[in-house]
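Peer 1: Sequence:
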Amino acid sequence: MNKRVLEAVIGVGLFGAAAGLGLYHGAVRGTWTDEAATVYLLTKSWGEIWRIAVTHDVNPFGSYLLWRLCRLGGDSLFYLRGLSALCFAISTVLLYRLGLRVGRRAAALWAALFFLATPLAQFLSAQVRYPMLLTAVVLASALALLRLVETGRTGAAVAWALFGAASFHVHYFAGFVLLAEGSFALLAARRSPWRKKIFLAAAGLVALILPWLPVLIGQLIGREAAGGGEPVRWTLLSPLTLVYLTQGFHYWQLPRFWADRLAPRADYLPLVLALPFLTALVLGSLPGGREPDKRRLLLWLGWGPMAAFLAVSLVLQLFSPHYFLPFLPFLTLLAGNGLTWLWARSKTAAGLLAVAVTVVTLGGAAELWQHPNWPEGWRPIARTIAAAAAPGDVVVLPNLPARLCYSLEKRDSLPVFHLTQGTPGRQIVAPRAAAEAMAALAARYRRALFVTYYPSRFDPTGAVAREAARQGATVTPVPGFADPRVGLQFIYFRSPFEPGGMAPQIRFPAGAQHPLQLAAGFYPDPAAEWWTAGEAQVLLPRPPDGARLEIDATVPLTLFDSALPTITVAINSRPVPTLVMPEGRLRLGPIPGPFAEPWVVVDLSCRPTFVPDVLFHDGDRRPKCLLVRSIGWSR
2 MNKRVLEAVI GVGLFGAAAG LGLYHGAVRG TWTDEAATVY LLTKSWGEIW
52 RIAVTHDVNP FGSYLLWRLC RLGGDSLFYL RGLSALCFAI STVLLYRLGL
102 RVGRRAAALW AALFFLATPL AQFLSAQVRY PMLLTAVVLA SALALLRLVE
152 TGRTGAAVAW ALFGAASFHV HYFAGFVLLA EGSFALLAAR RSPWRKKIFL
202 AAAGLVALIL PWLPVLIGQL IGREAAGGGE PVRWTLLSPL TLVYLTQGFH
252 YWQLPRFWAD RLAPRADYLP LVLALPFLTA LVLGSLPGGR EPDKRRLLLW
302 LGWGPMAAFL AVSLVLQLFS PHYFLPFLPF LTLLAGNGLT WLWARSKTAA
352 GLLAVAVTVV TLGGAAELWQ HPNWPEGWRP IARTIAAAAA PGDVVVLPNL
402 PARLCYSLEK RDSLPVFHLT QGTPGRQIVA PRAAAEAMAA LAARYRRALF
452 VTYYPSRFDP TGAVAREAAR QGATVTPVPG FADPRVGLQF IYFRSPFEPG
502 GMAPQIRFPA GAQHPLQLAA GFYPDPAAEW WTAGEAQVLL PRPPDGARLE
552 IDATVPLTLF DSALPTITVA INSRPVPTLV MPEGRLRLGP IPGPFAEPWV
602 VVDLSCRPTF VPDVLFHDGD RRPKCLLVRS IGWSR
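Going left to right, the sequence shown walks through residues 2 to 636 as this note's numbering numbers them.
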């Protein structure tokens with residue numbers, strides 16, 4: 002077969018395999034915090050995204066810009082994840098092409114297949130996040146630099162400057178790769194006939210990234226002021242890196258093999274399993290070969306960015322597995338070259354080493370496939386809540402990041418609340434906020450479905466459970482959801498719902514149960530009534546036999562005559578015939594029973610809503626339907 006045809010066939014095969022893996026994971030994998038925050042940010046306007054990117058977020062504007070453009074074609078999570086799947090496919094092909102330029106076809110193909118199989122790459126191929134996009138741009142930058150040094154073509158110089166600057170605008174960690182590339186370019190320029198073009202390309206790259214440096218400095222200062230990143234001891238950095246690169250990971254649930262301070266037990270196994278890959282890396286770094294410039298570039302790109310990243314992580318606490326995905330392709334190329342180096346000397350040893358590295362990596366990938374809800378498990382949480390949802394329930398989350406994650410997997414129609422943050426940048430539950438929230442929820446709802454979210458970080462004092470107990474509530478952990486990251490608890494509020502503990506009617510605006518007993522759909526009028534905005538919900542005590550539901554309400558005055566609104570009433574999800582609202586008081590009933598709980602949920606739906614005339618409503622332009630004075634039971 003023709004050489005070019007063979008390479009084209011291999012490239013198409015790699016592209017299809019990577020795209021298929023990315024799309025599969027995009028369909029089945031659950032979401033997690035950073036991805037949910039990105040999806041939420043993409044709902045903002047261009048100006049708002051720019052303001053957040055340059056003032057709050059530590060990521061540059063580049064990836065948000067591309068995903069915001071992508072969102073113009075659709076907003077489903079699977080569709081948005083498709084961009085990462087595409088970048089995964091492009092990265093795999095570019096890695097193969099780079100491998101052909103710096104080594105043999107066997108090494109290039111093995112490196113591409115290894116990258117394709119790694120759990121880290123597969124996981125991030127299905128995320129609305131920057132790492133896979135950054136990986137593709139960094140590989141394109143390395144290929145352009147190599148072509149510039151070899152041929153001196155103007156197009157290659159422009160491509161290196163543009164791809165290098167683009168990578169920095171996708172994420173700052175591209176700077177580690179750009180430092181290695183720049184150092185290689187300057188050394189190569191000393192004896193290159195295209196010295197001027199190389200210097201001009203480097204100058205253009207620097208000019209394109211300089212305007213963003215002041216923003217980066219400001220963001221890093223703000224990040225440290227807000228508490229910095231996740232602390233990882235220096236003794237953990239290297240072993241964790243090896244394990245994450247080869248076998249997958251739990252985010253911030255550190256492997257016990259190292260955390261147990263080198264105890265002689267089977268927990269050493271993950272580190273031992275990473276040693277074959279480390280061996281291949283070392284063999285790939287041994288001197289040799291007929292093209293020292295290409296080998297120097299591979300060595301610098303393989304070891305330099307990762308070493309610099311780990312060193313900086315000691316100071317700025319930057320360590321997280323998804324940060325070093327852009328460094329992984331260069332490491333796989335080194336390992337591939339190491340296998341070919343060993344193959345030339347001992348085919349048996351090279352075969353055994355290749356099998357060991359591949360089996361360990363595929364084992365990590367299989368573990369990833371078996372646990373599609375890693376790393377935080379929001380999908381089973383959402384399914385459990387949807388199955389347990391009942392009238393009078395409410396979903397409570399500790400902070401906004403948790404709410405964003407839950408909203409992407411939400412399958413129920415329950416109202417959702419999140420507690421306010423107490424520390425800037427950390428979303429920690431404040432005891433005062435927990436006290437106020439539990440008091441309000443206890444008066445309004447039967448049960449709170451509380452999702453715990455990294456409780457050791459975001460609710461370190463146990464404020465939610467403590468304040469719920471003060472309200473007479475019973476906190477019951479849900480079996481199977483005792484995860485240290487994301488869990489589920491049922492909080493049963495008892496005292497407001499005991500027989501006789503609720504007035505048979507709610508009268509506005511006075512009364513012990515006003516307004517906490519009301520759910521969404523009501524808002525106060527300047528006068529002594531409450532408006533319904535189309536949908537409303539009220540909790541009432543269980544009606545006595547023969548009771549009727551009485552609603553004292555009026556139709557708001559409009560300048561022109563209009564049809565009377567139609568209301569639909571459901572009691573504990575049992576519909577009551579649709580009625581036209583007359584002027585004055587409406588009595589429905591008798592209400593059919595029996596009711597097992599000492600309370601019932603009354604749902605009101607009122608149509609049509611409209612914006613009343615300013616002349617009669619003091620400029621209040623909110624949608625209105627009924628002006629309610631009281632609601633409750635009567636004989």
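Don't read these hints as lab results, they were simulated from the structure. Hints may be right or wrong, so weigh each one.
Under the rule of at most 30 angstroms between Cα atoms (straight-line distance), these lysine-lysine pairs were calculated in the DSSO-like manner [to be verified]:
| no. | residue 1 | residue 2 |
| --- | --- | --- |
| 1 | Lys295 | Lys197 |
| 2 | Lys197 | Lys4 |
| 3 | Lys4 | Lys411 |
| 4 | Lys45 | Lys411 |
Per label pair, the in silico range of CB-to-CB distance [stated by the list, open to error]:
| no. | residue 1 | residue 2 | range |
| --- | --- | --- | --- |
| 5 | Ala9 | Ser414 | 39 to 47 angstroms |
| 6 | Phe200 | Ala9 | 54 to 62 angstroms |
| 7 | Ala387 | Ala571 | 36 to 44 angstroms |
In this text, a Cβ means the ideal position worked out from N, Cα and C, and glycines have one as well.
Peer 1: Compare the structure with each hint and give your call.
Peer 2: The hints, checked one at a time:
1. For the given pair, lysine 295 sits about 20 angstroms from lysine 197 by alpha-carbon distance, which is consistent with the 30 angstroms threshold.
2. For the hint linking lysine 197 to lysine 4, the alpha-carbon distance of about 34 angstroms lies beyond 30 angstroms, and the restraint is violated.
3. Distance check on the hinted pair: lysine 4 and lysine 411 sit about 52 angstroms apart at the alpha-carbon level, beyond 30 angstroms; violated.
4. About 20 angstroms separates the Cα atoms of lysine 45 and lysine 411, which keeps this hinted pair within 30 angstroms; it holds.
5. With their beta carbons about 52 angstroms apart, alanine 9 and serine 414 fall outside the hinted range of 39 to 47 angstroms.
6. Range check, phenylalanine 200 to alanine 9: about 35 angstroms between beta-carbon atoms, so the 54 to 62 angstroms window is missed.
7. Range check, alanine 387 to alanine 571: about 19 angstroms between beta-carbon atoms, so the 36 to 44 angstroms window is missed.
Hint check: violations occur at hints 2, 3, 5, 6 and 7; the rest are consistent with the structure.
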